[in-house]
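Chemist: Chain residues, written in single-letter form:
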Amino acid sequence: MSLEILMGQVVVGLINGSFYALLSLGFAVIFGLLGIINVAQGTFYMLGAFGSWMLLNYAGIGYWPALILSPLIAGAVGVVLEKTLIARVYKLEHIYGLLLTYGLMMFIQGMFVYWFATAGRPYPVPLELRGGFDLGILFLPKYRGWVVVASVFFCFATWFAIEKTSLGRTLRAATENPQLTRAFGINVPALLTFGFGAGVALAGFAGVLAAPIYSVSPLMGGELVITVFAVVVVGGMGSILSAIVTGLSLGVVEGLTKVFYPPGANMVIFVIMFIVLLIKPAGLFGRER
Amino acid sequence: MSDSAQQNGSCLKIADLHGLYGDSHVLQGVSLQIARGEVVTIIGRNGAGKTTTLRAIMGLLDKRSGSINVWGREVIADPPERIAKLGVGYVPEERGIYATLDVTENLLLPPRVGEGGMALEEIFKLFPNLRERRRSQGTRLSGGEQQMLAIARVLRTGARLFLLDEPTEGLAPVIVQQIRQAIELMKQDGYTILLVEQNFRFAQRLADRHYVMERGRIVDMIARADVASQSARIQAYLGI
Ligand SMILES: Nc1ncnc2c1ncn2[C@@H]1O[C@H](COP(=O)(O)OP(=O)(O)OP(=O)(O)O)[C@@H](O)[C@H]1O
Ligand SMILES: [Mg+2]
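Residue numbers (my numbering), protein chains in the order written: chain A, 1 to 289; chain B, 1 to 240.
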């Protein structure tokens with residue numbers, strides 16, 4: 001087998017893995033902070049992608065501004081949803097959050113299918129990132145390299161913000177003991193709103209990155225979120241670093257499976273999830289509760 | 001010292017406070033008053049409602065009614081963060097040290113709520129153990145160190161009214177000594193302190209007055225000057 005094919009699939013795997021990492025990271029932030037199992041994470045990813053598509057086609061706003069604007073818009077939608085709906089289920093069991101976000105997903109996705117139908121819409125690769133690098137063993141399109149670099153950078157920036165800054169310190173405290181944290185004068189409800197908005201914006205950012213690679217379609221998130229769910233289960237709920245590492249590595253594993261046993265590529269992540277659940281139900285990096 | 005309570009105006013005034021956990025009616029009309037700069041204790045047997053009273057003052061009890069006045073402001077319906085912002089520092093019975101934060105992060109977590117909080121240096125001078133362990137995970141500390149951290153954490157914020165819930169519970173005598181020094185220092189600096197304490201020997205050396213709590217009510221008040229003559233009565237209240 002040729003090295004080129006192998007390396008090519010590693011790159012494809014890294015790209016898919018970048019999206020898994022970004023989405024499961026947003027998922028981990030939201031679950032850790034709010035205790036909400038956010039099934040709609042894939043929908044917010046789709047919103048991010050559609051946001052950039054609409055900015056381009058309706059307002060003539062290109063990729064680079066959209067990379068900032070579209071996640072902000074998605075985040076703002078998240079903030080409104082948190083204030084009006086999500087905040088009402090914090091005191092209930094996890095299943096209510098899951099059902100609520102599932103309903104949101106069906107609703108938002110349904111509206112987009114109604115307006116735009118299910119066919120994919122192309123989004124052009126920005127001029128600066130057309131072409132590619134000939135690395136000898138493989139040809140790496142610039143845009144794909146950019147996706148991996150941007151995702152990994154954003155993942156670690158998020159990790160840094162949570163572990164090393166004063167905002168992150170406050171978020172961790174609010175996650176661990178919300179009531180006491182309020183008793184120190186910290187507005188935890190506002191922090192939860194912010195946390196949800198940030199998790200949604202991360203998904204939106206992934207969506208903008210994805211738009212030029214996969215076509216923009218109302219269903220793009222629904223398919224992805226199932227895989228992301230498996231990634232989260234494999235890594236263990238709630239840990240930031242495990243979301244990043246598991247996301248990237250399962251992407252690569254999936255890519256390699258495509259080389260060695262193509263029919264298994266679509267299910268390898270689920271097989272791994274099955275095995276992990278048998279051996280370590282809390283996930284590879286998860287702690288038993 | 002109830003004279004001075006009138007002179008200085010009260011810092012904390014609670015009237016007919018009721019509080020519930022679910023259906024269980026724990027606080028049954030608590031009334032008490034503390035003047036600026038006073039150190040006052042609440043004593044009483046296990047389950048009397050002392051911790052619940054502090055939680056109600058902090059806004060942490062969902063079902064509460066009556067009146068809680070902090071520096072002239074009614075806070076009975078306010079959320080915890082707004083009450084803390086008035087300059088109230090809370091040291092909970094369970095200490096509430098965060099496992100996901102190291103010692104320095106625990107110290108730096110509470111935002112400033114008033115002027116003139118202690119600098120980190122002063123805090124480390126008061127509790128040298130904390131300086132040595134400043135990089136440790138919060139919950140890796142010994143019980144005594146966690147208690148020091150819980151007190152130190154609110155000393156930084158510039159709060160002027162402190163609610164301390166059994167700060168000496170289960171601690172070795174040397175550490176109790178250190179915590180006493182800290183509270184004495186706070187008293188000298190003019191902080192107002194509401195102290196819940198089972199260790200009456202500890203409480204009696206610090207406090208200006210003692211409120212006695214029984215079954216969710218304040219049933220008696222003993223001034224510092226009367227403690228010696230009333231020791232039989234106090235022992236009966238505490239069930240010693
Ligand atoms: N979370 C809770 N849910 C239900 N009941 C509670 C809860 N916390 C305390 N109680 C009950 O409320 C009553 C008062 O408890 P509280 O903790 O205020 O007592 P305390 O005076 O602080 O006692 P101790 O000296 O043991 O700390 C007790 O009967 C207790 O069982
Ligand atoms: Mg108690």
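To be clear, the hints were calculated from the coordinates, so they are not data collected in a lab. From the three backbone atoms N, C-alpha and C, an ideal C-beta is built for every residue, glycine too. Each hint should be verified, as a subset may be incorrect.
From the derived model, a few chain B residues whose C-beta atoms are all more than 12 angstroms from chain A [unchecked claim]:
{"#": "1", "residue": "18"}
{"#": "2", "residue": "23"}
{"#": "3", "residue": "138"}
{"#": "4", "residue": "175"}
{"#": "5", "residue": "231"}
Below, simulated DSS-like cross-link-like pairs (lysine-lysine); rule was C-alpha separation at most 25 angstroms, straight line [said to hold, decoys possible]:
{"#": "6", "chain 1": "B", "residue 1": "63", "chain 2": "A", "residue 2": "83"}
{"#": "7", "chain 1": "A", "residue 1": "83", "chain 2": "B", "residue 2": "85"}
{"#": "8", "chain 1": "B", "residue 1": "13", "chain 2": "B", "residue 2": "125"}
{"#": "9", "chain 1": "B", "residue 1": "63", "chain 2": "B", "residue 2": "85"}
Covered, in the sense of this in silico footprint (three residues per stretch, anywhere, with C-beta under 8 angstroms from a C-beta of chain A), are these stretches of chain B [claimed, not checked]:
{"#": "10", "segment": "57-67"}
{"#": "11", "segment": "74-88"}
{"#": "12", "segment": "97-103"}
{"#": "13", "segment": "210-218"}
Chemist: Mind listing which of the numbered hints don't hold for this structure, in increasing order?
Modeler: Hints 3, 8 and 13 contradicted; others consistent.
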